[in-house]
Amino acid sequence: MASFIQLVVSGLATGAIYALVAVGFTLLWQTSQTINFAQGEFVMLPAFFILASMNAGAPFWLACLIGVALSILVLGVMFKFIVVDPMLKHGVLPLVISTIALAILLKETVKDFYSSQAQPFPALVPASDLHVFGAVVSTQSLAVLAVAIVTVVALHLALNKTRLGRMMQATAQNSTLAQILGVPVRRMVLYTFLVNAVLVAIASILISPIYLAKFTNGETLGMAAFLAAIIGGFNQVRGAILGGFILGVLDNLSAAYISSQYRGAFPLLILIVVILLRPQGLVGRVEERTV
Amino acid sequence: MNRAGAFAVGAAAVFAVVLPFFLKPFGIYLISLWAVLTVAAIGLNLTLGYAGQVSLAQGAFVGIGAYVVALLTQAGLPYPLAFLAAGALCFAIGWLLGYPALRVQHHYLAFVTLAFTTLVFLFLRNEEWLTGGIYGINAIARPTLLGWSTGKALDFYFFCLGTLGVLALATWWMLRSPWGRAFVALRENPIRALSLGLDTRRYTLMAFAFGSSLGGLSGALFAPLVQFIEPSSFGLGRSFDLLLMVIVGGSGYFFGPFVGALISVLLPEWLRVTEGYYLIVYAAMVMVLMAFCPSGVIGLVERAAKAVTRWRSGKPALRPESTSP
Amino acid sequence: MTAVLEVSNLRKHFGGITAVDDVSFEVRDGEILGIIGPNGSGKSTLFNCVLGQLTPDGGQVHVDGKPTTGMRPCDINRLGVSRTFQLLQVFPQLSVRDNLILAGQEHQGSMHTRLVGRADAGLGPAADQMIEFFRLSHLAGEQAGLLSYGQQKLLDAAMAFMAGPRLVLLDEPAGGVNLTMLGHLRERLQAYHAERKATFVVIEHQMEFVMALCTRVLVLAQGRIIAEGTPQEIRRDPVVIEAYLGH
Chain D
2 MASFIQLVVS
12 GLATGAIYAL
22 VAVGFTLLWQ
32 TSQTINFAQG
42 EFVMLPAFFI
52 LASMNAGAPF
62 WLACLIGVAL
72 SILVLGVMFK
82 FIVVDPMLKH
92 GVLPLVISTI
102 ALAILLKETV
112 KDFYSSQAQP
122 FPALVPASDL
132 HVFGAVVSTQ
142 SLAVLAVAIV
152 TVVALHLALN
162 KTRLGRMMQA
172 TAQNSTLAQI
182 LGVPVRRMVL
192 YTFLVNAVLV
202 AIASILISPI
212 YLAKFTNGET
222 LGMAAFLAAI
232 IGGFNQVRGA
242 ILGGFILGVL
252 DNLSAAYISS
262 QYRGAFPLLI
272 LIVVILLRPQ
282 GLVGRVEERT
292 V
Chain B
21 MNRAGAFAVG
31 AAAVFAVVLP
41 FFLKPFGIYL
51 ISLWAVLTVA
61 AIGLNLTLGY
71 AGQVSLAQGA
81 FVGIGAYVVA
91 LLTQAGLPYP
101 LAFLAAGALC
111 FAIGWLLGYP
121 ALRVQHHYLA
131 FVTLAFTTLV
141 FLFLRNEEWL
151 TGGIYGINAI
161 ARPTLLGWST
171 GKALDFYFFC
181 LGTLGVLALA
191 TWWMLRSPWG
201 RAFVALRENP
211 IRALSLGLDT
221 RRYTLMAFAF
231 GSSLGGLSGA
241 LFAPLVQFIE
251 PSSFGLGRSF
261 DLLLMVIVGG
271 SGYFFGPFVG
281 ALISVLLPEW
291 LRVTEGYYLI
301 VYAAMVMVLM
311 AFCPSGVIGL
321 VERAAKAVTR
331 WRSGKPALRP
341 ESTSP
Chain Y
3 MTAVLEVSNL
13 RKHFGGITAV
23 DDVSFEVRDG
33 EILGIIGPNG
43 SGKSTLFNCV
53 LGQLTPDGGQ
63 VHVDGKPTTG
73 MRPCDINRLG
83 VSRTFQLLQV
93 FPQLSVRDNL
103 ILAGQEHQGS
113 MHTRLVGRAD
123 AGLGPAADQM
133 IEFFRLSHLA
143 GEQAGLLSYG
153 QQKLLDAAMA
163 FMAGPRLVLL
173 DEPAGGVNLT
183 MLGHLRERLQ
193 AYHAERKATF
203 VVIEHQMEFV
213 MALCTRVLVL
223 AQGRIIAEGT
233 PQEIRRDPVV
243 IEAYLGH
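Which chain is which? The protein sequence lines are D, B and Y, in order. Add 1 to the 1-based position in the first sequence for this note's numbering, that's all there is to it. Add 20 to the 1-based position in the second sequence for this note's numbering, that's all there is to it. Add 2 to the 1-based position in the third sequence for this note's numbering, that's all there is to it.
Because the hints were derived from the structure by calculation, they are not lab data. C-beta: ideal position from N, C-alpha, C; glycine also. Careful: at least some of the hints might be erroneous.
Ranges between beta-carbon positions, derived for each pair [said to hold, decoys possible]:
1) Arg279(D) - Asn11(Y): 52 to 62 Å
2) Ala33(B) - Ser139(Y): 35 to 45 Å
3) Leu97(B) - Pro123(D): 54 to 64 Å
4) Leu165(D) - Pro40(Y): 35 to 45 Å
5) Gly42(Y) - Trp193(B): 41 to 51 Å
6) Val34(B) - Gly72(Y): 55 to 65 Å
7) Ala193(Y) - Gly92(D): 38 to 48 Å
8) Pro123(D) - Glu322(B): 29 to 39 Å
Input sequences plus hints: build the corresponding full structure.
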């Protein structure tokens, strides 16, 4: 039982990170039909912005700010204007190919110009263990969980309780209608790219102390974000959040209790089952297809 | 096909036969790899380019084909039978993988096939009793066919080239038959196709089955070419690579995969001057190509050819009259 | 006269909205039946239920006395019922000729013979005839997507005739077509009807077009049939006028 609690808590912590990444992923899909195959690499990159800033002498907190700022510039603004915008008129598939190429580009750039080795990354809180009901829970897991939950709640409030957030949601759900209602759709689309950039930067700060910063990190993270988004519901922010948590916990439990060799397989099997039985995801809306 | 196109294809074929006599062994290996991967890319072009079904599973089918041939020939089965078995097994699995495509499309289908690829990879890595796990399978022999030993690089290249020729012709036959028309209809407007009596379900499954079986046959050539196979050759990276080949060459064009595979195989060599950075250059080139010409290199050539014709005839852009009849 | 198509008590809901509400009618051999009604009166939904694009929530559809409710669109089509859609639906990347061959090929042979048999499935001459009939000969080799809107509309209709159907359902064939082209289209449809003794059902907004083409007219409003008669009777029916002009 004790180890079960441990597994669930650390699963929730990684799940919360997956959720952040998946939320950004669904926002991009909703507002601009961008399936970002480079989303995992987007999480990998900010850690290296931060490490580079620290190498240049910045303290950790300042490096984090620089990392978030650079992330907004590169993964938000530049990604939208240089990669996505010229491709939109060509439809979904060329853009998918382009983001696959972008993933290779980011990965190789970090490998060739920074390092191919895993880099240690400072943790938010010093590592120690708490004893709760006989279970050992690491403070790091709790800190990750806390930051991720605060971020998710803040995002949820921002999207639902502010005028700007509601305009963004309107854009995401039906941009034509939003346009007619006077929502500045183009600006809202840009904002979702910026929000995504901030989310991946936070995820990067949270996950890099656990997995170390490495150029290949994006492969598993990107996959996790897809899985979380689809299992929860591709077109709903809360679906992505739910999917992230389910995935994190499930991953930990199946690795511990069923088979660590096939650790990666269970989420995939769940994905296939979800897509076949409930393609709109657990809490998603059905996307109407007109005849 | 017009006369200039036919001439270009004939010249390319002659070139492909003559070229290896001027190459060192590594060069022959590279063009053999080109022939092998082109087979897989033709298959993916059938599924994706013509029938419009997004698949990220082609790398997995190459892997299945490679392992089937390696295991069966090492168990003593003659190569031709193992070759056919690889094609048949991938046909069957591809057929089954087509079923999700009947329910979901586009990005969902991409993710299902992506999941399939990862599952196959995990199977190859973990089932050591069968596949040798991460150590892979070693010393895969090249076949002797009717007394012709393909052990040498040159002989094996001609075996690959011949197989590519036969399979490309077969695919060409299928694409000019009513099936080819039906595949395009499936891509462009499945609802209308259904209303015209096309059993879209069967055509979708067939597009997957035939495309996947070409992937398997490519793997059946791949194993004896490299003579050592391991799971990581057939991971998601391979599927992405094949996808890029099809798109970069020109998806939905018959000769797109030939060009795409050529670029993918030769580019690392051409870009050797850039040392380790060739993948960065390749990725950047793909992104630029997608932004300016998503129909790929063949699309680019077609566009250029049209421009030349227009310039020669001295007329403005060709548009049909909109007032008639 | 026998009924080619018999629809009885057909119903279809979308959420709380009843799009088709207990509709029954039959289509007689050789007639051109018009179905008119205001926007959103359920005309296209009715077509989609009859042809298998949508599954009705209740009711029966028979083609030549054979029940077809719940059958897939491709199987219904191969019974000899074809259709056009409200929005233009040709295959833009295929040539005009290939569009027509495609429209007939599934009625020839089996999957297997279509793979190993002739590239045009033996339909080349028939396609050329159809191209000539709709006066598109100068465009036979063009990609359909390069044709003008009106030309594509003609091709769309020609495709519905390609398999020599028993019954053709045309969903707004005149929609968006200019006046010259409209006359041409109507004249070709009438010629086809006379020549092949085909049976048509036509959904249309363009009143002149319906009145000139159809032998009998059904009026649909809010998912129900509210009137039936010859074009002249319908034109004078106060119920119809009210449905169109509102209360």
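query: Of the hints given before, which are not true for this structure?
result: 1, 8
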